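Protein chains: 2
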Amino acid sequence: MRAALAAAADAAAAGEVPVGAVVVLDGRIIATAANAPRALHDPTAHAEMLAIRAAAAAIGSDRLSDCDVWVTLEPCAMCAGAIAHARIARLYYGASDPKGGAVEYGPRLFSQPTIHHRPEVFPGIGDGEASALLRDFFSRLR
Amino acid sequence: MRAALAAAADAAAAGEVPVGAVVVLDGRIIATAANAPRALHDPTAHAEMLAIRAAAAAIGSDRLSDCDVWVTLEPCAMCAGAIAHARIARLYYGASDPKGGAVEYGPRLFSQPTIHHRPEVFPGIGDGEASALLRDFFSRLR
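Heads up: the protein sequence lines correspond to chains W and U, in order. One point on numbering: in UniProt numbering, the residue at position 69 of the first sequence is 69, and numbering is uninterrupted. One point on numbering: in UniProt numbering, the residue at position 22 of the second sequence is 22, and numbering is uninterrupted.
Because the hints were derived from the structure by calculation, they are not lab data. No experiment lies behind these values; they were computed from the predicted model shown. Keep in mind that the hints are not guaranteed to be accurate.
Partial list, computed: chain W residues near chain U (C-beta under 8 Å) [unchecked claim]:
no., residue
1, 44
2, 112
3, 116
Not close to chain U: a few residues of chain W, all C-beta gaps over 12 Å, as computed [what the hints assert, rightly or not]:
no., residue
4, 1
5, 6
6, 9
7, 120
8, 122
9, 123
10, 124
11, 132
12, 140
13, 141
Each residue gets a CB set at the ideal place from its N, CA and C atoms; glycine is no exception.
Model the full assembly from the supplied sequences, consistent with the hints where possible.
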């Protein structure tokens, strides 16, 4: 989660909503990404999406069955859907997101009967620091 | 929807689940994509995602507020989430998807109180041909 938080801080420095993510395989980080939809002109460029795409490219498969995702914010529906498609084994996340989250809030995607894969979910990892990054970012915008 | 169906047929020919999508701006197609997660080693490479990313790159913005998406299959949660993030104006789709869909089935994402953008939705456009492509593809797999 240290590496994901560092990526989130990079996102903030770049003027993006501060969210960072890493993909881990066998205890080793194989992809790290910062949220970057503005810079990349890509509405899908959330940190989890970029990290999952980089990890899949690195291992040469669209399935990441033995991989874990660590992300500083509760994933939205798009990212939770991608986590399911990628067959991620474990999801660790920091801050909960009542407004945009889709794991414990909103559609609670992994509790839907039609979801085809459910990772193990571990919320609240490093959430203090993750929330502080987001709070600082949005307070500077006002 | 003609162009989206042609892209879906291309996906089938490439051994991918036959789904195709286009993004339209001012009555003109600005992006076309076929489903390609296997070929691209990318679990996020659904037709809608690729078309939205290409359209956003083409217009140089992560917001596609005046654009419409035409896709041959009801979007999943990942794609419906991306459609919301991209602020797509209208969504036209072909076949309904009781197993993986997230618009009229499953989490019904655009009916969730926390969704931050709802496109106008027009289902069942060219659904006969879209369904036939999918049925033929899966019957050949058996």
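Evaluation of the provided hints:
1. 44: holds, 5 Å
2. 112: holds, 5 Å
3. 116: Because about 7 Å separates residue 116 (chain W) from the closest Cβ in chain U, which is inside the 8 Å limit, the hint holds.
4. 1: Holds: least Cβ distance 23 Å, greater than 12 Å.
5. 6: holds, 23 Å
6. 9: Nearest chain U Cβ is 21 Å from residue 9 (chain W), so the label holds.
7. 120: holds, 18 Å
8. 122: holds, 21 Å
9. 123: holds, 17 Å
10. 124: holds, 20 Å
11. 132: Check passes; 23 Å lies beyond 12 Å.
12. 140: holds, 20 Å
13. 141: holds, 17 Å
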